[in-house]
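Enquirer: Chains A and B, in that order, give the protein sequences.
First residue of the first sequence: 263, per my numbering; consecutive thereafter.
First residue of the second sequence: 215, per my numbering; consecutive thereafter.
You can take every hint at face value.
Some but not every residue of chain B turned toward chain A, in silico, with C-beta under 10 angstroms:
hint	residue
1	Tyr244
2	Gly245
3	Ser247
4	Gly255
5	Tyr262
6	Tyr305
7	Gly308
8	Lys310
9	Phe313
10	Gly316
Keep in mind that the hints were calculated from the coordinates and are not lab data.
Using N, Cα and C, we set each Cβ at its ideal position, and we do this for glycine too.
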Amino acid sequence: DAGVIQSPRHEVTEMGQEVTLRCKPISGHNSLFWYRQTMMRGLELLIYFNNNVPIDDSGMPEDRFSAKMPNASFSTLKIQPSEPRDSAVYFCASSPMAGQSYEQYFGPGTRLTVT
Amino acid sequence: GQSLEQPSEVTAVEGAIVQINCTYQTSGFYGLSWYQQHDGGAPTFLSYNALDGLEETGRFSSFLSRSDSYGYLLLQELQMKDSASYFCALYNQGGKLIFGQGTELSVKP
Chain A
263 DAGVIQSPRH EVTEMGQEVT LRCKPISGHN SLFWYRQTMM RGLELLIYFN
313 NNVPIDDSGM PEDRFSAKMP NASFSTLKIQ PSEPRDSAVY FCASSPMAGQ
363 SYEQYFGPGT RLTVT
Chain B
215 GQSLEQPSEV TAVEGAIVQI NCTYQTSGFY GLSWYQQHDG GAPTFLSYNA
265 LDGLEETGRF SSFLSRSDSY GYLLLQELQM KDSASYFCAL YNQGGKLIFG
315 QGTELSVKP
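In isolation and in its complexed conformation, chain A is listed as follows (with noise of 0.2 angstroms):
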């Protein structure tokens, strides 16, 4: 199995423009998971989706941000307008159903800069 696919894996952008991180989750699992992971605030999740619906979006930062996942295999978290403070290490992560595994599986992450 090809694991948890992110793309870019990194990514430059200036103050202002809208940046889209995407993600493949492991084929067959039913859950996928946005994280953000900062020195200051650690790993923090920010979305997420049980069978391509949205669960709990409660660590959404702000407007700002939106998360979609229009079928079982693609997942996309926006940022419009970006700001410096968005930068951070993004990853998604994908699980079986919760109660078959608690184990979650992190892709590589996108190292997103805003400048």
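Position chain B against the provided structure of chain A, taking the given hints into account.
Expert: Positioned in the frame of chain A, the structure of chain B alone reads:
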């Protein structure tokens, strides 16, 4: 809300045993997970405790005491490659994980 506390850094020598503690505050949760993250890499799953007691997986063991709101990760026969950050996390309904701030383990020769 939920919160977890871990030591920020731990240092140990190769071949030794090290314990990384985790205390938490929550009104409810399903279990306690542990993840390892090497510098610049993705977090990887190590273990999960749904019930009180010890879970063993090779050189790694994890413990949970719900009555004490406490858990730990025990690493035996330390190797240089074990140098990494270790995170405890509360596992909740729907698979939602809330992570601690992480403990950076340095293994010295």
